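**Student:** Those protein sequences? They're chains A and B, same order as listed.
One rule links them: number in my numbering = place in the first sequence (from 1) + 704.
One rule links them: number in my numbering = place in the second sequence (from 1) + 704.
FYI, nobody ran anything at the bench for these hints, they're computed from the structure.
Incorrect hints may appear among the rest.
Unchecked claim - Below 30 angstroms or equal to it, Euclidean Cα-Cα: the simulated BS3-like pairs (lysine-lysine) are:
hint	chain 1	residue 1	chain 2	residue 2
1	B	LYS711	A	LYS991
2	A	LYS845	A	LYS940
3	B	LYS1010	A	LYS723
Stated by the list, open to error - Restraint-style ranges between C-beta atoms, simulated for each label pair:
hint	chain 1	residue 1	chain 2	residue 2	range
4	A	ASN716	B	LYS957	50 to 56 angstroms
5	A	LYS800	B	LYS1055	32 to 38 angstroms
6	A	LYS856	B	LYS785	21 to 27 angstroms
Unchecked claim - Output of the computed footprint for chain B on chain A, the stretches with three or more beta carbons under 8 angstroms from beta carbons of chain B:
hint	region
7	779 to 788
8	1006 to 1014
Given the structure is predicted, the values throughout are model-derived calculations rather than measurements.
Heads up, the beta-carbon is just placed ideally off N, CA and C, and yes, glycines get one too.
Number of protein chains: 2
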Amino acid sequence: MKILIQKEKFLNALNIVNKALKKNIDTFPILECVLIDASKTKIILTCTDNKEITITTELEGEIKEKGISAIEGQFITNIIKNMPENSEIELLINDKKECFINLIGKDIKSTFQAKDEKSFPNSLSINKEKPVIINEYKLKKIIEKTSFSYDKMNNTENIIYKGVNFNVDKDKLIAKAMNSFTLSIINENLDKNFGNFSTIIPGGSLEELNKLLKGEVNKDVKIYFSDKNIAFEFDKTLVNLIIIPNKFIDTTKILNEEYSTKIIVNKKELIESLYRTTSYISDIERKPVIFDIKDEFMSVEINSIKGELKENINIKKTQNDLRIAFNPNQLINILNAIEDENISMYFSGPKKPVIIKDRQESYIYLLMAVNI
Amino acid sequence: MKILIQKEKFLNALNIVNKALKKNIDTFPILECVLIDASKTKIILTCTDNKEITITTELEGEIKEKGISAIEGQFITNIIKNMPENSEIELLINDKKECFINLIGKDIKSTFQAKDEKSFPNSLSINKEKPVIINEYKLKKIIEKTSFSYDKMNNTENIIYKGVNFNVDKDKLIAKAMNSFTLSIINENLDKNFGNFSTIIPGGSLEELNKLLKGEVNKDVKIYFSDKNIAFEFDKTLVNLIIIPNKFIDTTKILNEEYSTKIIVNKKELIESLYRTTSYISDIERKPVIFDIKDEFMSVEINSIKGELKENINIKKTQNDLRIAFNPNQLINILNAIEDENISMYFSGPKKPVIIKDRQESYIYLLMAVNI
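Pulled out of the complex, with its shape left as it was, chain A reads as follows (with noise of 0.2 angstroms):
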């Protein structure tokens, strides 16, 4: 194999890839490795955790000689990375696996040993007959309001709490997830009809294709529903991802309580004030926020080993008053999420949880009051 490449576009296909390296196994060695293939008429760069995640985006360049091979991923990618500005690299690899990286009017001379391509895993095909369009903008939007809500801590056994529902139901994208605190209801609309289709796909995975999305807005990404898995295709990059193969809880019922209260509050003034109360919560003592509602006025307090703090908040109250404590930290989650200046919360009682939603039902959120 031989090919002729620029530098930056090659460290920035190298960048790409790299997001599926990270969760590598030692036993395995091939799997910290990128797989350069050039032998058909395109380069395609490939890394795989062989488990979760697969990454394959293609590099521009020339091809002097077709072949194939595996290279260590964090070596290339750092010698790549200190490669003079604007250089022409040369890459050659000869039949003894003997990789040679040569500069283009330069005395710059790599040379390495390339790992067997054979041992390479393949990744799990994709049907590309019927994508589901969405604008990238969107795409990234959903993730980011869902993903603080799928368990991070693999403290649980519920399987379908690692991971976020991606649910086409025609001209709708539903995105859910959910811990055993909250849960988070995204509605995005579609340009058209893209027929049914539902998945799990595992919030790690998802938040590493986030960070290869730059979340333009005259973009679209390309997503292909499977049985084993699903694959988002963007800027000649393909992230092929493996599935949780369980079905996401029917959630209906949890949100069809009837409110009692209902206030509308300033999102920020909220916000601002439970990072106040943070403040309060000491690692040996975890001490909720408590809401005391009453007419025009809420007030926000926390009484801890460290101190005290109480605030009153402007607030539209309708129907009840209401004292109901929560966790600040999740609240303050939530929150963050959301891109309205007021916000709307309804409440069904002081043990009941709190429903934050806008009037479309472009995101729902819902979260558990805890003890006073």
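We have chain A already, so just place chain B on it with the hints.
**Tutor:** The following block gives chain B in isolation, referenced to the frame of chain A:
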């Protein structure tokens, strides 16, 4: 005590003195506190680790009732950080040491317990009679150009390796730091004859000081030398550091060797080449970089289990050819501290250290050679 303070000013002052909080010990909880002294005409904040560093700063504000009190530093910083922008804060501490924070014009009330300020340690006294005055920018540069070569790892028996020697010799400040591999010397001119002082400042304390220095060209720092401590005064802040009570070694002998090879090389080219060689160093094998100096070229080589790199760099050589090896990372540290475009390297044999210095000896760096 009752004082009125603007939020941003309070937070800024807390962030300054907090630099002395970080090495706290569980056995002495008063060291987690900031001392707020409004017993006279000014509000003075103090934090100390009671071991190496004490920081004092003046806080602009209005004293309504005089007093002095100690408050948990991280806690009060978190509370003030989360207060609304531009708010006016009233801090009131009563005889029972109950502390109340009220926001002028806002319905926010925070109460907590202050600590017993009587157990707050006294800091070492400072003789302010004979300050040495140095430009803040110059001082910051001196610290940055020497502090990489004191021993951070604590893997030395030699206590003078743990600090930087500040030696005032009339109208010069000479800063020196060394470890088993390197010696760094910076010679800086002062504006007038300040007499003679010499002391060793622990490297870690200097780095904390450096975080507080903005490096402004138009500002001066006053340095006060004492037997047990050294203090730096700037912007109404005083950083009081315990010194290492030993004498620094005489470095003249080490630097007296005649050179047998001298080269002039472009610093950027050499440093980029060294960065490339570091890709070939693995955790299990620390191979050196080899310089092969011949006439107008220097070959830079590394050969490890990861592979081989060989490059040629243009040089201007005087006297003998030479083949010599160094630890590339140590040499990178030295080169990063030099601002010149081209550097002169003086060698006196394949097993002898290299000396890198400019003509005026504003900097002198020495690095031990290693076996090839």
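**Student:** State for each hint whether it applies.
**Tutor:** Results of checking the hints against the structure:
1. At most 30 angstroms may separate the alpha-carbon atoms for a hinted pair to count; LYS711 of chain B and LYS991 of chain A meet this at roughly 26 angstroms.
2. A C-alpha spacing of about 21 angstroms is found between LYS845 of chain A and LYS940 of chain A, which places the hinted pair at or below 30 angstroms, so the restraint holds.
3. Between the alpha carbons of LYS1010 of chain B and LYS723 of chain A the distance comes to roughly 22 angstroms, so the proposed pair stays at or under 30 angstroms and holds.
4. Distance hint for ASN716 of chain A and LYS957 of chain B: a CB-CB separation of about 52 angstroms, consistent with the stated range 50 to 56 angstroms.
5. At roughly 37 angstroms, the beta-carbon separation of LYS800 of chain A and LYS1055 of chain B lies within the given 32 to 38 angstroms, and the hint holds.
6. With their beta carbons about 25 angstroms apart, LYS856 of chain A and LYS785 of chain B fall inside the hinted range of 21 to 27 angstroms.
7. As drawn, the region 779 to 788 of chain A meets chain B at 6 residues by the rule of a beta-carbon pair under 8 angstroms; at three or more, the given contact holds.
8. Beta-carbon proximity to chain B at under 8 angstroms applies to 5 residues in the region 1006 to 1014 of chain A; the threshold of 3 is reached and the given coverage holds.
Taken one by one, the earlier hints all hold for this structure without exception.
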